[in-house]
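The chain contents come next:
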Amino acid sequence: MKIAGMTGRTAVVVLAILAIAAALPLALSNYQVGLATEMLIFGMLAMSIDILAGFAGRTSLGHGAIFGVSGYVVVYASAQAGLPPALAFVLGMAAATAVAIVFALLAVRTSGVYFLLLTLALGMIVWGICLRWTQVTGGENGMRGDVRPAFLVMHRAFYWAVLGVTTLVSYAMWRFVRSPFGLTLLGIRDSESRMKSLGYNVPLHLFVGFAVSGFFAGIAGALYAMFNNFVSPSTVALAQSVEGVLMMIAGGVGTLFGGFVGAAAIITLENVVSAYTERWQTVLGLTFIVIMICAPEGIIGTLRAILTRKDGDKGRYKGN
Amino acid sequence: MDRRQFLKNSTAAVAAAGTMAAPWRCARAQAGPIKIGLLTPLTGVVASGGKEMVEGVQFYLESVNYQIAGRKVELVIEDDASNPDTALQKARRLVEQGNCHMLIGDLLANTGLAVANYVKGTGTPYFIPIIAADDLTQRQRIKNVIRVAGYTGSAFTHPFGDWCLKQGYKKIATISQDYTFGHEQCGGLAQVFTEGGGEIVQQFWHPLNTADFSPYLGQLADLKVDAIFAMETGADATRLIQQYASFGLKGKFPLLGAMNATDQSVIRTLGEECDGIIAAAHFAEGSDNPVTQKFTKNYEAKYGKIPSLYGFSMYSGIMWVAEALEKIGGKAEDRDALIDSVLKTELTGSPLGTTVKLDAYGNPIYDVQIRKVVKRADGKYWNVPIASYPGVSQFWKYDPETYMKQPPYSRTFQGIKKA
Numbered sequence: 001m002k003i004a005g006m007t008g009r010t011a012v013v014v015l016a017i018l019a020i021a022a023a024l025p026l027a028l029s030n031y032q033v034g035l036a037t038e039m040l041i042f043g044m045l046a047m048s049i050d051i052l053a054g055f056a057g058r059t060s061l062g063h064g065a066i067f068g069v070s071g072y073v074v075v076y077a078s079a080q081a082g083l084p085p086a087l088a089f090v091l092g093m094a095a096a097t098a099v100a101i102v103f104a105l106l107a108v109r110t111s112g113v114y115f116l117l118l119t120l121a122l123g124m125i126v127w128g129i130c131l132r133w134t135q136v137t138g139g140e141n142g143m144r145g146d147v148r149p150a151f152l153v154m155h156r157a158f159y160w161a162v163l164g165v166t167t168l169v170s171y172a173m174w175r176f177v178r179s180p181f182g183l184t185l186l187g188i189r190d191s192e193s194r195m196k197s198l199g200y201n202v203p204l205h206l207f208v209g210f211a212v213s214g215f216f217a218g219i220a221g222a223l224y225a226m227f228n229n230f231v232s233p234s235t236v237a238l239a240q241s242v243e244g245v246l247m248m249i250a251g252g253v254g255t256l257f258g259g260f261v262g263a264a265a266i267i268t269l270e271n272v273v274s275a276y277t278e279r280w281q282t283v284l285g286l287t288f289i290v291i292m293i294c295a296p297e298g299i300i301g302t303l304r305a306i307l308t309r310k311d312g313d314k315g316r317y318k319g320n
Numbered sequence: 321m322d323r324r325q326f327l328k329n330s331t332a333a334v335a336a337a338g339t340m341a342a343p344w345r346c347a348r349a350q351a352g353p354i355k356i357g358l359l360t361p362l363t364g365v366v367a368s369g370g371k372e373m374v375e376g377v378q379f380y381l382e383s384v385n386y387q388i389a390g391r392k393v394e395l396v397i398e399d400d401a402s403n404p405d406t407a408l409q410k411a412r413r414l415v416e417q418g419n420c421h422m423l424i425g426d427l428l429a430n431t432g433l434a435v436a437n438y439v440k441g442t443g444t445p446y447f448i449p450i451i452a453a454d455d456l457t458q459r460q461r462i463k464n465v466i467r468v469a470g471y472t473g474s475a476f477t478h479p480f481g482d483w484c485l486k487q488g489y490k491k492i493a494t495i496s497q498d499y500t501f502g503h504e505q506c507g508g509l510a511q512v513f514t515e516g517g518g519e520i521v522q523q524f525w526h527p528l529n530t531a532d533f534s535p536y537l538g539q540l541a542d543l544k545v546d547a548i549f550a551m552e553t554g555a556d557a558t559r560l561i562q563q564y565a566s567f568g569l570k571g572k573f574p575l576l577g578a579m580n581a582t583d584q585s586v587i588r589t590l591g592e593e594c595d596g597i598i599a600a601a602h603f604a605e606g607s608d609n610p611v612t613q614k615f616t617k618n619y620e621a622k623y624g625k626i627p628s629l630y631g632f633s634m635y636s637g638i639m640w641v642a643e644a645l646e647k648i649g650g651k652a653e654d655r656d657a658l659i660d661s662v663l664k665t666e667l668t669g670s671p672l673g674t675t676v677k678l679d680a681y682g683n684p685i686y687d688v689q690i691r692k693v694v695k696r697a698d699g700k701y702w703n704v705p706i707a708s709y710p711g712v713s714q715f716w717k718y719d720p721e722t723y724m725k726q727p728p729y730s731r732t733f734q735g736i737k738k739a
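Here the protein sequences line up with chains P and H, keeping their order. Heads up, the first sequence is in the working numbering, so the first residue is 1 and it goes up one at a time. Heads up, the second sequence is in the working numbering, so the first residue is 321 and it goes up one at a time.
Please note: incorrect hints may appear among the correct ones.
As the list claims (entries may be wrong) - If you want the footprint, here are the derived chain P segments under chain H, 3+ residues with CB under 8 Å:
1) 25-31
2) 135-145
3) 224-231
4) 277-291
As the list claims (entries may be wrong) - Just some of the chain H residues that point at chain P, by a computed CB distance under 8 Å:
5) Thr363
6) Glu398
7) Asn403
8) Asp405
9) Arg412
10) Arg413
11) Glu416
12) Gln417
13) Leu433
14) Ala434
15) Ala453
16) Lys725
Stated by the list, open to error - The following label-pair restraints were derived from C-beta to C-beta distances:
17) Thr722(H) - Leu269(P): 49 to 59 Å
18) Lys625(H) - Leu286(P): 25 to 35 Å
19) Tyr623(H) - Trp133(P): 37 to 47 Å
20) Cys294(P) - Phe567(H): 46 to 56 Å
21) Phe567(H) - Val90(P): 45 to 55 Å
22) Asp654(H) - Ala81(P): 33 to 43 Å
23) Lys738(H) - Leu105(P): 37 to 47 Å
24) Leu168(P) - Tyr623(H): 26 to 36 Å
25) Ile129(P) - Pro710(H): 36 to 46 Å
26) Leu238(P) - Tyr623(H): 50 to 60 Å
27) Leu26(P) - Lys677(H): 47 to 57 Å
FYI, nobody ran anything at the bench for these hints, they're computed from the structure. Backbone N, C-alpha and C fix where the C-beta goes; we use that ideal spot for every residue, glycine too.
Looking at chain P on its own, in the form it has when it is part of the complex (with noise of 0.2 Å):
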């Protein structure tokens, strides 16, 4: 029996999962709420990086720049130019999707480590518009606002709103690359030169991933910039792109949901570790050496690897 493409089994967990995750807040604490807000907005920017990364074989160091646009659009559009904050948000995520489309006509053309540069440079590209233009962005001081709307002022509103909308984008990227599109992103990422002689449009199809990923990108910053009600240069910079990068890695290149998972665990270290010592960031350091020495598939590309060789599979994920 399938339900919605997802076999019996997977619905009852997937159900579960989300139960849990829907009656979380009321077990938490306020800023514990935030918390796992954040790593929400965040597990959502990891799978959009993982589209490209896990599917494509490209990995975009530009993310945290598509990322920051639809922040800066938000708060923009309802801050300054007083729209209403639904609109805002379509203004974002559209923006975002025009960045990427915008990076993807540049970028798809390479592959390896020089996809990584050209993004890099894009999203640095990007990261010297908002720290330069300062009459619009307010420069490095950044823009302020009250962006969410009244409904969703409280922290456990704003929690579930952002678990729907993850719930649908999760669902909506899940299918995305289980579909003949998406297994055609997989076949590129295993031998380009083999599907371009098959007759497929390599260019085209690794043009449209990028635009899908940066759309997906662009929810989770419009997110973010409501979750903040702030947004500034921080938000678009390298290190944004690389922490997106490191919580896909972390969770697993590949895996999708592992996006989650990585999210998860490095908001979680950054947040306990820090009330410990100041050298937080070393500890985060550490934990990375030790995640890509013992598991370098990631922690949930791990657990399946354990898992599958169990049922006697070889344990690489081949997409359905």
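Given the structure of chain P, go ahead and fit chain H onto it with the hints provided.
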């Protein structure tokens, strides 16, 4: 015991525990420690300043044995990583998780503005001895954000502009880091200087963290000016002062600096290239005021360095809050009373050796010192006052209402009067 009986018993037990706990909790709220959340950049680009901020706070709290108005003080330090997103997250943690009664600190304007926007919603008192963004106590004032022992970016360059006129300077060029703090400092000087008949010949804006100043210094050398004003902080200040000397401009044009350019955090590492630079500030560590001398001496004895603006400002800021808390019997829980008390408090114990009070906008009024970097007997350099402007407000001599009608200083608006 059957299930129903069990439920009944446990409900009763829980209820009893609840009623017993309630008064205990109240009693604890009165007698428990005053929790102060300190946000400071311990990592990132301005980490060295952040460490001195912590020193300043601890230096004061140790001097009162971590006791204010008979209550113990618990200081919770969080690293804002010089990043507004992190600052925001840590502020949430301190307020929502740590139940801090108030926040103090942050160094970079963007981190302070992010936290200010957050506490606007929660109502938590937030004190900013370092954050200089003009508008936080001007056009976009938030009631619970108070600049105790701090200063606005343009507050000290207004009188500095006046001092330049008195020196007979007619033409000045400025070079500055291209961000709000720089725009505000240069704007203050440019407005007063040009309104008094001076001319700003040219303004150079360079990005933060400029390694090589030669393109700017080359152009400055060709200008016919009486003095050059440099608005630099941190490593940029060190580099500019060094390169200014090595390009042979030192001695050719007098170098005027923003207060941060000749702060101890910068000139501590410099030699004679910083000798003679003039800057305006409220604090001059080389002042002959006995109170300032005592503070500087004790600080130096404890931490092995002459106090910088960061250490001094945080020390005075926490002292201000402490004096305000003493007045309301240490009731840090009562936010309105605390804010009110802080606004009314006149700081008597300031290392400046004078009484400092706030204006109607929550910004302190200072005697501004025009300071010169000179060599101390032991070979270290420090700032010594050479002139003084008493009772300077953030609005200088302008009417606050009229002043706030002009746009905030930016790269495009410097208040320059057209000749």
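Here's how the hints hold up against the structure:
1. Proximity of the stretch 25-31 of chain P to chain H, defined as three or more residues with a beta carbon under 8 Å from a beta carbon of that chain, is established by the 3 residues found.
2. Coverage of a stretch by a chain is defined here by at least three residues with a beta carbon nearer than 8 Å to that chain's beta carbons; for the stretch 135-145 of chain P and chain H the count is 6, and the condition holds.
3. With 3 residues having a Cβ less than 8 Å from any Cβ of chain H, the stretch 224-231 of chain P passes the three-residue criterion, so the hint holds.
4. For the stretch 277-291 of chain P, the assignment as covered by chain H holds, since 3 residues bring a beta-carbon within under 8 Å of that chain's beta-carbons and 3 suffice.
5. Checking Thr363(H) against chain P: minimum C-beta separation of about 6 Å stays under 8 Å; hint holds.
6. Hint status for Glu398(H) relative to chain P: holds, with the closest Cβ pair at about 7 Å, below 8 Å.
7. Taken as an interface hint, Asn403(H) checks out: its beta carbon lies about 5 Å from the nearest beta carbon of chain P, inside 8 Å.
8. Taken as an interface hint, Asp405(H) checks out: its beta carbon lies about 6 Å from the nearest beta carbon of chain P, inside 8 Å.
9. With a least beta-carbon distance of about 6 Å to chain P, the hint placing Arg412(H) at the interface is held under the 8 Å criterion.
10. At about 6 Å, the closest approach between the beta carbon of Arg413(H) and any beta carbon in chain P falls short of 8 Å, and the interface hint on this residue holds.
11. The criterion of a C-beta within 8 Å of any C-beta in chain P is met by Glu416(H), whose closest approach is roughly 4 Å, and the hint holds.
12. The beta carbon of Gln417(H) is positioned within 8 Å of a beta carbon in chain P (closest approach about 4 Å), and the interface hint is therefore held.
13. At a threshold of 8 Å, the smallest CB-CB gap from Leu433(H) to chain P is about 5 Å, leaving the interface hint in force.
14. With a least beta-carbon distance of about 5 Å to chain P, the hint placing Ala434(H) at the interface is held under the 8 Å criterion.
15. A cut of 8 Å between beta carbons decides the hint on Ala453(H): the least distance to chain P is about 7 Å, and the hint holds.
16. Proximity of Lys725(H) to chain P is violated relative to the hint, the smallest CB-CB distance being about 19 Å (cut-off 8 Å).
17. Look at Thr722(H) against Leu269(P): about 52 Å separates their beta carbons, and that is inside 49 to 59 Å.
18. A hinted range of 25 to 35 Å holds for the C-beta pair Lys625(H) and Leu286(P), which are about 31 Å apart.
19. Restraint check, Tyr623(H) to Trp133(P): a C-beta distance of roughly 41 Å satisfies the suggested window 37 to 47 Å.
20. Roughly 54 Å separates the CB atoms of Cys294(P) and Phe567(H), a value that falls within the hinted 46 to 56 Å.
21. Between Phe567(H) and Val90(P), the C-beta spacing of about 53 Å keeps the proposed range 45 to 55 Å intact.
22. For Asp654(H) and Ala81(P), the Cβ-Cβ distance of about 39 Å falls inside the hinted range of 33 to 43 Å, so the restraint holds.
23. Range check, Lys738(H) to Leu105(P): about 46 Å between beta-carbon atoms, so the 37 to 47 Å window is met.
24. Distance hint check for Leu168(P) and Tyr623(H): the Cβ-Cβ separation is about 55 Å, which falls outside the suggested range of 26 to 36 Å.
25. Between Ile129(P) and Pro710(H) the beta carbon distance is about 45 Å. The supplied range of 36 to 46 Å therefore holds.
26. Evaluation of the 50 to 60 Å hint for Leu238(P) and Tyr623(H) yields a failure: the beta carbon distance comes to about 35 Å.
27. Range check, Leu26(P) to Lys677(H): Cβ separation about 48 Å, and the 47 to 57 Å hint holds.
The structure does not agree with the numbered hints 16, 24, 26 stated previously, though it agrees with the rest.
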